[in-house]
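Just so you know, the sequences run in chain order Y and P.
FYI, the numbering for the first sequence is 1 to 143, going by my numbering.
FYI, the numbering for the second sequence is 1001 to 1125, going by my numbering.
Keep in mind that the hints were calculated from the coordinates and are not lab data.
A quick note: this is a predicted structure, and the numbers were derived from the prediction, not measured.
Any given hint might turn out to be false.
Stated by the list, open to error - Under the rule of at most 20 angstroms between Cα atoms (straight-line distance), these lysine to any residue pairs were calculated in the SDA-like manner:
#1 Y:Lys23 with P:Leu1029
#2 Y:Lys44 with P:Leu1029
#3 P:Lys1069 with P:Ile1055
#4 Y:Lys85 with P:Lys1110
#5 P:Lys1110 with Y:Arg82
#6 P:Lys1110 with Y:Pro53
#7 P:Lys1069 with P:Ile1088
#8 Y:Lys23 with Y:Ala114
#9 Y:Lys23 with Y:Arg97
#10 Y:Lys44 with P:Ile1055
#11 Y:Lys44 with P:Phe1030
#12 Y:Lys23 with P:Val1013
#13 Y:Lys85 with P:Gly1011
#14 Y:Lys44 with Y:Arg97
#15 P:Lys1110 with Y:Ser81
#16 Y:Lys23 with P:Asp1107
#17 P:Lys1110 with Y:Arg97
#18 Y:Lys23 with Y:Cys67
#19 Y:Lys23 with P:Leu1017
#20 Y:Lys44 with Y:Cys67
#21 Y:Lys40 with P:Phe1030
#22 Y:Lys23 with Y:Leu34
#23 Y:Lys85 with P:Leu1109
#24 Y:Lys40 with P:Val1074
#25 P:Lys1110 with Y:Glu83
#26 Y:Lys40 with P:Asp1107
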Amino acid sequence: MSTTTSLASWPWRMVSFLLWYIKAFVLANVYVTLDVLRPKRRMKMSPAIIAVPAASESDTEWTLISCFITLTPGTLTLSISREHKILYVHGMFVESRESLVEEIQEMEDRMLRALRRSPGDLSRPIRVPDVVPVDEPPEGEVR
Amino acid sequence: MELHDIMHGAGLVFIFLGILTIIVAGIGLFRLPDLYLRASAVGTSAGLGVASIVIGALLMDFSGLNLVKAAVAVIAQLLTSAVGSMAIARSGYLNNSLPAEITHTDDLLKTRRDRATDPEGESST
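I would like the entire structure built from these sequences, with the hints used as guidance.
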């Protein structure tokens, strides 16, 4: 994509992300509300904490994506690891690891396209790296 | 006059939606099993409830200045409720508040140094 065409589509990408987010936000609200009001033995809840590989780069992008995930009812950012590029997301209705990862990455793709003048590199690590505790936290990472 | 009546009605609808959301969030506080579910479902639903009431009040008393005030109030409310939920959930995790039994996967458990050598920690994934 050349610079001029990507600049021209920038406002459109912002508006389309906002509209998509409002739709996702309202739908998630309805799901959570219905499940809270459902009798206990028929609750569909299956919570999980999943490590989601992320494509964000700058401080702004990390802050915004974790805020957007937390704002959606039913999903919650617990922690991030910028060194390994992972978001730790707690989900309320997680059927499988793949379904939550797909949902979060779709939101991140749309957000990054809306934030950046040209989308650039949206690739992520394919496989979640094995994160093991180290005695000294890596530089710049707060536990 | 016609438009004024419609906006008044829409304002009432928004305010009642907001009240309903906050009531459901309160019921959720009692019914959900652990800290993380409560923080994710309740914290932000309550944020939406307040935002909806603000929008309803704006529609009932519309002016340019009120529009600016309402926009600032809604954005600040949503941002702070998100950051607050994250802070509560994270500090809960660091203070050993374990997720409820029904939580089927916990990737964050692998990164804990006091559990990395614990064989039970591996079987939970």
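Going through the hints against the structure:
1. Y:Lys23 with P:Leu1029: Violated, at about 25 angstroms.
2. Y:Lys44 with P:Leu1029: This hinted pair holds, its Cα atoms lying about 17 angstroms apart.
3. P:Lys1069 with P:Ile1055: Roughly 10 angstroms between the alpha carbons, so the hint for Lys1069 (chain P) and Ile1055 (chain P) holds.
4. Y:Lys85 with P:Lys1110: holds (16 angstroms)
5. P:Lys1110 with Y:Arg82: Distance of about 17 angstroms is within 20 angstroms: holds.
6. P:Lys1110 with Y:Pro53: holds (16 angstroms)
7. P:Lys1069 with P:Ile1088: Status violated; Cα separation ~28 angstroms.
8. Y:Lys23 with Y:Ala114: holds (16 angstroms)
9. Y:Lys23 with Y:Arg97: violated (23 angstroms)
10. Y:Lys44 with P:Ile1055: Given that 20 angstroms is the threshold and the Cα spacing comes to 32 angstroms, the pair is violated.
11. Y:Lys44 with P:Phe1030: Holds - the C-alpha atoms of Phe1030 (chain P) and Lys44 (chain Y) are around 17 angstroms apart, at most 20 angstroms.
12. Y:Lys23 with P:Val1013: holds (19 angstroms)
13. Y:Lys85 with P:Gly1011: The given pair, whose Cα atoms are some 43 angstroms apart, is violated under the 20 angstroms limit.
14. Y:Lys44 with Y:Arg97: Between Lys44 (chain Y) and Arg97 (chain Y) the Cα gap is close to 16 angstroms, so the pair holds against 20 angstroms.
15. P:Lys1110 with Y:Ser81: holds (13 angstroms)
16. Y:Lys23 with P:Asp1107: violated (29 angstroms)
17. P:Lys1110 with Y:Arg97: With Cα atoms ~16 angstroms apart, Lys1110 (chain P) and Arg97 (chain Y) stay inside 20 angstroms; holds.
18. Y:Lys23 with Y:Cys67: Distance ~17 angstroms between Lys23 (chain Y) and Cys67 (chain Y) Cα, so the pair holds.
19. Y:Lys23 with P:Leu1017: Within the cut-off at roughly 17 angstroms; holds.
20. Y:Lys44 with Y:Cys67: violated (25 angstroms)
21. Y:Lys40 with P:Phe1030: With a Cα-Cα distance of about 12 angstroms, the restraint between Lys40 (chain Y) and Phe1030 (chain P) holds, given a limit of 20 angstroms.
22. Y:Lys23 with Y:Leu34: holds (17 angstroms)
23. Y:Lys85 with P:Leu1109: holds (17 angstroms)
24. Y:Lys40 with P:Val1074: violated (33 angstroms)
25. P:Lys1110 with Y:Glu83: holds (16 angstroms)
26. Y:Lys40 with P:Asp1107: With a Cα-Cα distance of about 26 angstroms, the restraint between Lys40 (chain Y) and Asp1107 (chain P) is violated, given a limit of 20 angstroms.
Violated hints, listed in ascending order, are 1, 7, 9, 10, 13, 16, 20, 24, 26; each of the other numbered hints is respected by the structure.
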